[in-house]
Every structure is written in structure tokens, then in C-alpha cells.
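Quick note, the sequences are listed as chains A, B and C, same order. Under this note's numbering, the first residue of the first sequence is numbered 4, with each subsequent residue one higher. Under this note's numbering, the first residue of the second sequence is numbered 4, with each subsequent residue one higher. Under this note's numbering, the first residue of the third sequence is numbered 4, with each subsequent residue one higher.
Derived SDA-like pairs (lysine to any residue); straight-line CA-CA distance at most 20 angstroms:
#, chain 1, residue 1, chain 2, residue 2
1, B, Lys257, C, Lys100
2, C, Lys257, A, Ala143
3, C, Lys206, A, Asp140
4, C, Lys100, B, Leu285
5, A, Lys257, B, Lys100
6, A, Lys257, B, Val139
7, C, Lys100, B, Gln237
8, C, Lys257, A, Gly144
9, A, Lys100, A, Leu136
10, B, Lys257, C, Gly105
11, A, Lys206, B, Gly144
12, A, Lys257, B, Asp140
13, C, Lys257, A, Asp140
14, A, Lys100, C, Ala297
15, B, Lys257, C, His108
16, B, Lys257, C, Asp138
17, A, Lys257, B, Asp138
18, A, Lys257, B, Gly144
19, A, Lys100, C, Trp290
Please keep in mind that the hints were generated in silico from the structure rather than gathered at the bench.
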Amino acid sequence: MQQVALTDQLHLSRIIYGWWRLMSWDMNTKAIEQRIEECLALGITSHDHADIYGDYLCEASFGRALKNRPDLREKIQLVSKCGIQLVSPQRPHHARKNYDTGYAHIVASAEQSLINLNTEFLDLLLIHRPDPLMDVDDMAGAFENLQQAGKVGAFGVSNFSVSEFNLLQSRLSFPLVTNQMEISVLHHASFHDGSLHQAQQLKRAPMAWSALAGGRLFSGDDSQAKNVRDALEQIASDIGAQGIDQIALAWLLKHPANIMPIVGSQSLARIQAASDSLNIPLSRAQWYTIWEAAGGELP
Amino acid sequence: MQQVALTDQLHLSRIIYGWWRLMSWDMNTKAIEQRIEECLALGITSHDHADIYGDYLCEASFGRALKNRPDLREKIQLVSKCGIQLVSPQRPHHARKNYDTGYAHIVASAEQSLINLNTEFLDLLLIHRPDPLMDVDDMAGAFENLQQAGKVGAFGVSNFSVSEFNLLQSRLSFPLVTNQMEISVLHHASFHDGSLHQAQQLKRAPMAWSALAGGRLFSGDDSQAKNVRDALEQIASDIGAQGIDQIALAWLLKHPANIMPIVGSQSLARIQAASDSLNIPLSRAQWYTIWEAAGGELP
Amino acid sequence: MQQVALTDQLHLSRIIYGWWRLMSWDMNTKAIEQRIEECLALGITSHDHADIYGDYLCEASFGRALKNRPDLREKIQLVSKCGIQLVSPQRPHHARKNYDTGYAHIVASAEQSLINLNTEFLDLLLIHRPDPLMDVDDMAGAFENLQQAGKVGAFGVSNFSVSEFNLLQSRLSFPLVTNQMEISVLHHASFHDGSLHQAQQLKRAPMAWSALAGGRLFSGDDSQAKNVRDALEQIASDIGAQGIDQIALAWLLKHPANIMPIVGSQSLARIQAASDSLNIPLSRAQWYTIWEAAGGELP
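Given these sequences and hints, build the entire structure.
Have a look at this one:
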């Protein structure tokens with residue numbers, strides 16, 4: 004599988020495996036080890052986490068697999084996130100949902116992710132959401148602390164607007180390597196708000212969350228979802244693809260921004276299909292057909 | 004007539020003649036030659052084309068005049084555009100309307116424009132519309148190819164947002180010399196979306212399409228059109244102008260961005276009136292009266 | 004009180020006194036002198052004016068106090084603005100409300116402000132509103148004229164968008180030191196349009212006008228105002244603050260952009276309360292509670 008170089012040291016697999024639904028999958032530690040190996044066999048080496056996934060339980064569950072199989076660690080890249088504080092039995096001191104992008108919380112959250120994941124090193128740490136109260140000098144200090152301690156290799160953001168990205172970048176001596184944003188055949192915001200143009204201009208490949216638009220792609224009954232599904236089905240049939248999800252991913256992969264879709268399916272068949280989508284070269288006509296089916300304009 | 008220097012080599016006349024409606028004018032080759040000369044007599048030396056105008060027939064029609072009168076070529080500047088693919092009897096292989104801003108299409112389209120226009124050289128080539136799928140490295144390669152072959156002198160864009168302009172510019176070793184956008188007394192989008200500020204900041208004079216707002220200026224019966232028409236009529240009367248179109252153009256010309264209106268009228272009288280609008284100095288009070296009549300705010 | 008350094012020479016007090024309602028206060032010259040001294044006692048050294056405040060009468064009224072008490076001048080910073088032309092008995096030649104950001108008007112308006120304020124020097128001059136017709140080269144010339152003549156120390160803007168700020172800044176050899184914008188618990192536009200991010204990125208502390216949202220904070224009966232008032236009252240009660248206005252100001256002061264609220268109250272008690280708000284450290288939870296009460300999102 005294609006690898007995307009975010010820095011000289013950090014290469015992610017073009018398709019990234021997403022673990023945010025792990026706690027609903029009822030997967031035991033053995034099954035998680037097996038899934039990591041199945042992904043490796045497909046060339047999917049990068050794994051997307053966040054402190055808060057699974058109500059703060061997801062990283063530790065994954066970490067038990069790494070504890071059993073420490074040999075796997077050097078074969079994969081671990082991505083995590085911080086900055087959101089949820090009300091949760093796991094965090095009884097949180098009285099309400101907050102953001103916290105202060106020095107102390109970033110460092111503490113990253114260190115807790117290391118403990119939970121049974122690793123000494125995060126390949127990539129993302130700020131989960133832009134914080135209206137973010138003190139970028141404070142954040143830069145936290146990043147430098149974690150980097151110098153060898154705890155985090157690279158830093159990025161998620162859901163940041165152009166001005167938020169520029170603001171944080173202005174305080175750093177190293178590049179923010181990615182902006183993880185919602186992009187899918189059904190979600191075009193990043194095409195219109197400048198964030199995808201920014202990623203292209205800076206040559207920072209974006210990660211795409213909800214790359215298959217959640218359940219809407221398969222079962223949404225709003226007109227946008229139906230129109231796009233019809234278009235995807237037609238193209239899948241024309242090409243002989245395994246399903247509309249392959250076409251939806253191929254649509255992201257064709258874009259020159261080097262979008263890295265996160266796929267969070269429990270089904271091995273779907274992961275294989277996602278991996279195979281890299282071999283589906285859509286034509287421009289097919290790409291714009293989907294664009295227009297979703298309401299995109301071609302004046 | 005005032006000339007606007009886009010580069011050391013490329014000067015356009017402040018008023019540009021637009022040929023997009025040529026095929027509906029029923030003008031024969033002789034009449035086109037005469038129109039070019041009439042424009043020259045007024046100092047209008049720049050001619051705006053696009054591959055797709057007149058369902059792909061416009062450039063060739065104009066080109067027959069240049070074939071008859073090769074002496075005219077060095078007295079004028081030719082602007083063309085590419086990047087849109089229409090379904091047309093002239094392009095039977097186009098199954099649907101697409102954009103194509105890839106290397107092969109840009110080069111092929113520009114070379115076809117040269118053939119059609121009976122010229123060896125385009126003064127200026129514009130990308131007609133921002134393409135959501137545009138690969139700016141690919142585009143930059145096409146530009147360099149055309150420039151090094153001496154086929155195109157300068158490059159620009161049309162209808163590009165600020166981030167789209169910055170993205171493409173970031174890959175070029177020479178400036179994008181203009182952004183051709185819709186600007187008129189009835190269309191203020193570029194005042195609000197940053198694109199006109201960008202043009203001013205970079206000192207890249209924009210070209211204005213639909214500079215007279217099409218038929219709406221003269222006959223639109225929506226309240227914006229009526230209010231603006233009333234304001235223009237009052238000012239035309241106060242000044243003793245020939246008509247409201249002169250005031251509408253003077254409104255664009257007063258703006259410090261050095262806007263170059265494209266005038267696409269078949270009527271020589273209207274072209275003369277447009278040319279004369281350069282001598283109509285609106286006061287600030289008149290300018291804001293029109294601004295407010297169109298719904299612009301002065302908080 | 005905290006001072007904010009806008010340049011090496013120019014420091015403003017974190018809370019700024021606003022005089023725009025002076026003409027409705029029925030304050031005589033003696034009372035104005037006393038108010039300046041009361042502010043000084045609180046550490047409020049910066050005074051916000053504009054040519055047009057009080058229908059062009061406010062600066063002269065304030066200036067009579069400075070004439071009586073020239074010793075006060077060196078203890079305070081004077082901020083004024085220009086660029087709007089109102090229809091007024093004081094300006095009988097104004098036929099309609101206009102903006103004028105041309106060289107002649109900026110210089111003339113600033114010089115008139117000096118006469119009215121009985122001072123030889125404005126610490127800071129702001130362009131009051133972005134002018135759709137602004138010629139930034141012309142403006143830059145006016146700024147240089149005023150600066151070289153020693154009449155104005157520093158320049159800034161008010162209500163400028165990101166692209167407007169960048170445009171004007173691009174023509175200046177010195178920084179625009181601030182953007183005075185509307186920011187309050189009830190007005191979040193600058194959080195979303197990039198202007199607050201720009202201020203943070205450039206480290207240009209913004210001034211906040213309508214920092215207490217005018218009367219809406221205390222008596223607005225729309226749902227946003229009611230929700231925010233409820234949240235402020237709860238927090239004021241929890242903290243033991245003197246009133247909701249203190250919490251509304253503390254909310255601005257907590258933001259890392261170093262926002263300088265302008266307080267324009269006639270009541271000395273309210274000014275003291277505003278000054279004391281600097282000592283109210285809101286928690287993140289309190290800050291986001293207010294953010295959400297006003298309709299802000301924390302996805």
C-alpha cells in the first residue's frame with residue numbers, strides 16, 4: 004500500500020485504521036492483535052485513536068494487545084488526540100464537557116495515552132478540536148515538552164479552520180503535519196472553506212474522518228444521500244467494484260491533496276475492500292458525476 | 004485610452020472587448036475586421052475569448068478575420084481561457100460537462116485556441132473556473148510548457164477564490180497576472196469574499212465579466228435592479244451622461260483595484276459610450292449612493 | 004492596572020475608557036476633568052474617541068478639560084478615529100453619509116481632532132470602518148504624513164476583516180497596532196471570521212467595542228441575552244462578583260488575544276467594577292458555560 008510521508012521520519016499508510024468504535028465491537032485482546040496483523044498484511048500500518056474514544060476506554064483496550072505483542076509496535080504508527088474533556092465515569096472530576104488545550108492538559112493527556120497504549124512514543128498527536136480559548140504559546144510549549152522528551156514524534160490538528168491552523172503554526176518551529184477533517188462524498192465543507200486548499204498549498208496531506216459518511220452513505224434517505232448512492236451504484240456497476248464504499252473512497256483518493264481516509268469498520272471484508280479502492284482509478288467524468296450528485300456545482 | 008500594465012510585456016486596454024456573444028450577432032468576417040478596427044480607434048486593444056464561447060465556434064470566427072488581416076495581430080492583445088468541457092456537437096467525445104485542468108487538456112486547449120484564432124501566441128491564458136479536482140503541480144507544468152514554447156505570454160485565472168488563487172500561485176515561478184471575476188453595480192460578491200482585496204494587495208488588476216450585469220441593469224424588475232437603475236438614472240441625469248451603462252462602468256473604474264471591465268456589446272454606440280465612461284469622474288457621494296442602492300452597507 | 008504594549012512607545016491600559024456617549028451625559032468640563040482623574044486613580048489611562056462621536060462634539064468637550072488641565076495630557080493616551088462622514092449641523096457640507104478614507108480627509112480629520120482635543124499629538128488613530136472604496140496607497144501616504152509631522156504616534160483600524168487588514172498592512176512600513184472590533188459575550192463574530200485569530204497570530208491586541216453588548220446584556224429579552232444573563236448571574240453569585248458586567252468583562256479578559264475592553268459608562272461605580280474584573284479569574288468551565296449559553300458550540 005502507498006505510504007504518505009508527513010515528515011522524513013513519519014510515514015502513514017494511505018488508508019488508516021480507525022478505532023473510535025472499538026468499545027462497541029466487543030473485540031477481545033486476541034482479536035485486536037489479529038486485527039492489527041490483518042491490517043499489516045494489507046499494508047495498513049497506521050492506527051487512529053483519541054484519548055476520549057470509547058468513553059476513554061479505547062486506547063487501553065488497544066494497549067493490552069500491544070502489551071501481549073510488543074513486536075507489533077515498531078511495525079505500526081500510532082495517532083492520538085487530546086483537547087476535549089468529556090463528562091464520564093472515567094473522569095469523575097469533569098463537571099461538564101470542556102475543551103482544554105492548555106499546557107498541563109496536553110502533556111498529561113498525551114502521557115496518559117502512552118500509558119494506556121502501552122507504548123513509549125506516539126507517532127502523531129493531534130489537537131482534537133479548535134478551542135475558542137486556545138493559547139497557542141501555551142500549546143507550543145506543551146508540544147516542545149513532549150517532543151524533547153521523545154514522547155511524541157509529530158503534531159497536527161483536527162477540524163481546524165485555515166486561520167486556526169495558521170495561528171497555531173505561527174508559534175511552532177516545526178510543521179503541523181496534518182489537519183484531520185471530515186471529508187466524504189457527502190461532506191464537502193473542506194472544499195469550500197479553504198482548508199483543503201491550504202492542505203494542498205502547504206503539502207500537508209489531510210486525514211479524512213467519517214470518510215464513508217457514517218451510515219448515511221448506505222442507508223441515508225435524504226435526497227443528497229440517495230442521489231449520491233445512485234451515482235455510486237452506477238459507477239460501481241460500470242467498473243465492477245465490490246461496493247459503493249470502494250467508489251466513495253476512490254473519490255477521495257483521486258483528489259490531488261493526498262487525502263488519507265480513516266476506515267473504522269469491524270468487518271475484515273470491508274477493510275480489504277477499502278484497501279483495494281486504491282486500485283480503482285476514477286475518471287474525471289465519474290468524479291464530477293459524484294460531485295454533482297452531492298450538490299456540488301460546476302458552473 | 005488608459006493601458007493597464009499586467010507585466011512589463013503585457014499591457015491591456017482599461018476597457019476590454021468581449022466576444023462571448025459573437026455567434027449570436029450574425030457578424031461576418033468583414034464585420035469582425037471592422038469591429039477590431041473600430042475598437043482600435045477607441046484605444047480598445049484587448050479582446051477576451053474562451054475556448055468554449057459560442058459553443059466552441061467563437062474563436063475560429065474571430066480567427067478568420069485575423070487571417071484576412073494579419074496586420075491587426077500585433078496591435079491587439081488576445082485573452083483566452085480553458086478548463087471547462089461542454090457537451091457539444093463540436094466535441095462529440097464529451098459525454099457530460101466536466102472541468103479538466105490537467106496538463107494534457109490545458110496544453111491541447113491552448114494549442115487549439117492558437118489554431119482557431121490564427122495566431123502563434125496568446126497574450127494571456129486564464130483558467131476559466133476553479134476546479135475542485137485541480138492538481139496545481141500539473142497545471143504549473145502545463146503553464147511552463149506553453150510559456151517556454153512561446154505560445155502563451157502570461158497566465159491568470161477566472162472566478163478563483165482567495166485560497167484557490169494562493170494555491171495555484173504557490174506552484175508558479177511567475178505571477179498570475181489577473182483574476183477575471185464577476186463585478187458590477189449589481190454583483191458585489193468580490194467586495195465581501197476577499198478576492199478584490201487580494202487583487203489590490205497583490206496589485207493584480209482584475210478583469211470584470213458581466214460588468215453591466217447582463218440585461219438586469221436595463222430591464223431587471225427585482226428591487227435591487229430597480230433601485231440601482233433609479234440611482235444610475237439620477238446620476239446620469241445630474242452629470243449629463245449618455246446612459247446608465249456609462250455610470251455603471253464609471254462606478255467600476257473609480258475603484259482603486261484598477262478593474263478592467265469587459266464590454267461585450269454588438270452596438271458601436273455602446274462601445275463608444277463605454278470608452279467615454281473613463282472620462283466620468285464619479286464623486287464619493289455618487290459612488291456610495293449606488294453602493295447603497297444595491298444593498299451595500301455603510302454602517 | 005495591566006498595561007498592554009502595542010509598540011515600544013505606546014502602552015494602553017487594559018481597560019479603556021470610552022467617551023462616545025459623553026454628549027448624552029450632561030457632564031461639564033469640571034466633571035470631565037474629575038472623570039479623567041478618577042480613571043487615572045484606577046489605572047485607566049487610555050481614552051477612546053472618534054471624530055464623529057456626539058455628532059462631532061465629543062472631542063471638543065473633552066478637549067476643554069485638557070485645556071484646563073494640560074498636566075493630564077502626558078498621563079493619558081488619546082485614541083481617535085476617522086473615515087466616516089455624517090450628515091450633521093456640524094458638517095453642513097455633507098449631503099449624505101459617506102466614508103472617506105482618502106489622503107485629504109484622513110489628514111484633515113486628524114488635524115481637526117488635535118484642535119478639538121487641545122493636544123498636539125494623538126497616541127493612536129484608527130480608520131473607523133473598512134471603506135469599500137479604500138485606496139490603501141493613498142491611506143498609507145496620509146499615515147506617513149501624520150507620523151512624520153509628529154501628529155500621530157501609531158495607526159490601527161476598526162471593524163476590518165482579515166483581508167482588509169492584510170491589504171492595508173501591505174502598504175505600510177510600520178504595523179497596524181490594533182483592530183478595534185465588536186466583541187462581547189453576546190457577539191462572537193470575531194471568533195468565527197478569522198479576525199480574532201489574526202490578532203492573536205500577529206500579536207496585535209484588539210480593542211473591544213460594545214464590550215458589554217450595550218443594554219442587551221442587562222435587559223435584552225431575546226433568548227440569547229436571557230440565557231447568557233442567567234449564566235452570568237449564576238457565575239457572579241458563585242464567585243461573589245459585584246454584577247454580571249464584571250463576569251462579562253472577565254470573559255473577554257481571559258481570552259489569550261489580550262482583548263482590551265472599552266467601557267463607556269457614566270457611573271463611577273461601574274468603572275470601578277470594570278477595573279476590578281481584571282482580578283476575576285474565570286475557570287475554563289465557567290468560560291465555556293458562557294460560550295455555550297450564547298450559542299457557541301463545543302462539538
